[in-house]
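Starting from the given sequences, assemble the full structure and let the hints guide the process.
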Amino acid sequence: MAIIKKLKAIKIEQNHLLGIQNLSFSQINDILKQAKTFITLNKSSSKKMDILRGKTQINLFFEPSTRTQSSFELAGKRLGADVMSMNIVNSAIKKGETLIDTAMTLNAMHPDIIVIRHQDSGAPNLLSQKVNCSVINAGDGRREHPTQALLDALTIINRKGKVEGLKIAICGDILHSRVARSNIYLMNLLGAEVNVVAPKTLLPHSIERLGVKAYTDMKKGLDKCDIVMMLRLQNERMQGSFLPSAREYYEYFGLTPDKLKMAKKDALIMHPGPMNRGVEIDTNLADDINRSVIREQVELGVAVRMACLKIFCKKT
Amino acid sequence: MRDKYLINARIIDPKNDLDEMGGLIIDSKGLIKAVGKKVSNGNLPAGASKIDLKKQLLIPGLVDMRVFVGEPGYEYKENFRTLSNAALSGGVTSVVSMPNTSPVIDNVSMVDFLKRRGRDKSRINIFPAATLTKNTEGKQMTEFGLLKRKGIIGFTDGIKTVQDPQVMARIMNLASQSEALIMQHAEDNILSKNGLINEGEISTRLGLQGIPFLAEKIIVERDLAFLEEYFCRYHISQVSSEKTISVIRRAKKEGKVFTTGVSINNLSLNENDIGDFRTFLKLSPPLRTENDRKALVQAVNDGIIDVIVSDHKPQDEESKRLTFAQAATGASGVETLLPLALELFHNKSIKLKRLISSITSNPAKILGVNKGNLDKGSDADLCIVDLDKKWTVDKDKLKSKSKNTPIENRKLQGQVLKTFVKGELAYEGI
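Chains C and B, in that order, are what the protein sequence lines are. End of the first sequence = 316 in this note's numbering, gap-free, step of one. End of the second sequence = 746 in this note's numbering, gap-free, step of one.
It is worth saying that the hints were derived from the structure and are not from the lab. Heads up, a few of these hints could be off.
Taking lysine-lysine pairs in the BS3-like style, the calculated list, with each CA pair at most 30 Å apart, reads [to be verified]:
1. Lys167/C / Lys265/C
2. Lys213/C / Lys264/C
3. Lys265/C / Lys213/C
4. Lys559/B / Lys213/C
5. Lys509/B / Lys200/C
6. Lys220/C / Lys167/C
7. Lys213/C / Lys224/C
8. Lys43/C / Lys310/C
9. Lys559/B / Lys371/B
10. Lys220/C / Lys200/C
11. Lys569/B / Lys559/B
12. Lys559/B / Lys200/C
13. Lys130/C / Lys636/B
14. Lys719/B / Lys130/C
15. Lys366/B / Lys353/B
16. Lys717/B / Lys130/C
17. Lys259/C / Lys160/C
18. Lys213/C / Lys509/B
19. Lys370/B / Lys636/B
20. Lys130/C / Lys559/B
21. Lys259/C / Lys200/C
22. Lys130/C / Lys727/B
23. Lys711/B / Lys130/C
24. Lys610/B / Lys711/B
25. Lys130/C / Lys713/B
Encoded structure:
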């Protein structure tokens, strides 16, 4: 009892959500606990709250995104914030303005939260040094995608009760994946055992130093796993000669019923989307309502982002 | 001008294997007339103009083999005047200027411009390098013979590497005939494509594209294979990894003759210093692991690495205030070369005389210039140093036009007190 009180007493002082690496155990628990309360709210007929009434949220997306951007937009609106999504294609960035100048311009409009996605790793860090509102990372380069990892954790907790003690396999293009990195940090922190499975050309240098076991044999990597997280394989990877062909990739690293047999009987299948059916995942498995929680991930994504917005919004 | 007497100094002159208390006489033409313990207070003529150095260190003015000037084209980053002021405050009296200007230095008409600007605007000795290939494109070689006759000290594509093996083989073949000095920046462009920092745990954590050590090693191995067939004056501008050192060590054991340089940054910093995307530490070659750094230090000690350079690359603040991927590469450093090198002496990594030779007599010997020594009759290019003075780097106090120092707030020990060029006091610290 005393321990729980102590955890509650720790306030989130850092205003930005830049990555899982910057979060403490108690901050993560706060976010997940808060998100749980929003799951039920999102299912009710009256979804609107006024927690962030009067607050301004700017979505700054430098990379195309459907689900993350709409998820953040919906999350902000449900909490009562004024949400503005910047269309970068038409913005001054395309005319050569630097990220910092854009940030200063937006800052002058006194937003309370900026949600940023950028193709360069570290862009949210740079932004956070220059603005005096909260910065939330919605994915930067191949570094981190913290809200995706948090929603994955929430999905797992929702189904399995906890993350601690589970065995989780993350499979696919680990090298280019920010989702993989954030999940490695988060699942490790929450007490899971993490395997990564990928062809050698798609495994980052020294990945074991992040606290995972690396496998190039998918069956071995999936052995007795509770969770199988598949990653999207971007088509352009074929051109860079990372892989010989999609056909060979599917043969060795695509999730098929045969390979899934190695995992536990009740293992869950996850995917951050968008999926390439028949490239990284068997199409029937993706739709198997007993195994696949892919749609649930999207649903809980809104709840997690609502929790992050509420917790990280600048206190005034 | 009368003779000047510098007395009561600890004199180190690696070329002449000199390390003793004594003095130095500068004659009326700015040349060194006498040096050593025989020059002391007791035997000076009455009324002589004398400077008591109070037991401070007197060494030859530094020779920095790798410095980028902004002229022509990037005057807003650095011009000859600001470079000269920066160099003098760091005890550097001679520099080799890199040809990566705009336009690049790849033809004889540019050489006159450089020499004139260098002479009019700076007080240090500028030894201009020209490119190895036209417009640093790696295709058509430049006119080594004509450029050399005009006063070009050596040839390098600077920040670029000649990728085509056939072109490189022909360059080395031709250079052996004209005795041109080839200075290679060793980096395979395809292996390092889009690379930002050393490939390893840090690049994985930061999500930045890595530059593998192989990108450097493979070019050094290739060039050393050519050297066996086409013997020329070959110098590796900078090395950064332990694996390359092993290649060099082996080649030297086999009797191959060539020289090697290293940036003071790679000797004093490692990839961990990049921290939270500090773009001032985005360098080429990249900072590598602590093991690599230690191997480089060892190689300087063993004489496997001959030269330490500042790799002075001024960048304006705007080009560094960007995301790591977009930020410009390079760090300012000519004025902190000596104090930062002295850190390696103070922490007992490298012996003082070895350290000083790597920034004075060794580079001068490679370049084939009469600099970096205290020979009788040489220009009195001198640097007076307080070996023990403690100070903290403050970018706003730097003389360079650009303030992109990678060692902001670093506590250093050893500071330049006075710098003489051709016998004249060109800098005096406060």
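Results for each hint:
no.	hint	verdict
1	Lys167/C / Lys265/C	holds (13 Å)
2	Lys213/C / Lys264/C	holds (18 Å)
3	Lys265/C / Lys213/C	holds (22 Å)
4	Lys559/B / Lys213/C	holds (27 Å)
5	Lys509/B / Lys200/C	holds (19 Å)
6	Lys220/C / Lys167/C	holds (13 Å)
7	Lys213/C / Lys224/C	holds (14 Å)
8	Lys43/C / Lys310/C	holds (19 Å)
9	Lys559/B / Lys371/B	violated (42 Å)
10	Lys220/C / Lys200/C	holds (15 Å)
11	Lys569/B / Lys559/B	holds (16 Å)
12	Lys559/B / Lys200/C	holds (22 Å)
13	Lys130/C / Lys636/B	holds (14 Å)
14	Lys719/B / Lys130/C	holds (20 Å)
15	Lys366/B / Lys353/B	holds (15 Å)
16	Lys717/B / Lys130/C	holds (24 Å)
17	Lys259/C / Lys160/C	holds (22 Å)
18	Lys213/C / Lys509/B	holds (28 Å)
19	Lys370/B / Lys636/B	violated (42 Å)
20	Lys130/C / Lys559/B	violated (40 Å)
21	Lys259/C / Lys200/C	holds (19 Å)
22	Lys130/C / Lys727/B	holds (27 Å)
23	Lys711/B / Lys130/C	holds (20 Å)
24	Lys610/B / Lys711/B	holds (27 Å)
25	Lys130/C / Lys713/B	holds (24 Å)
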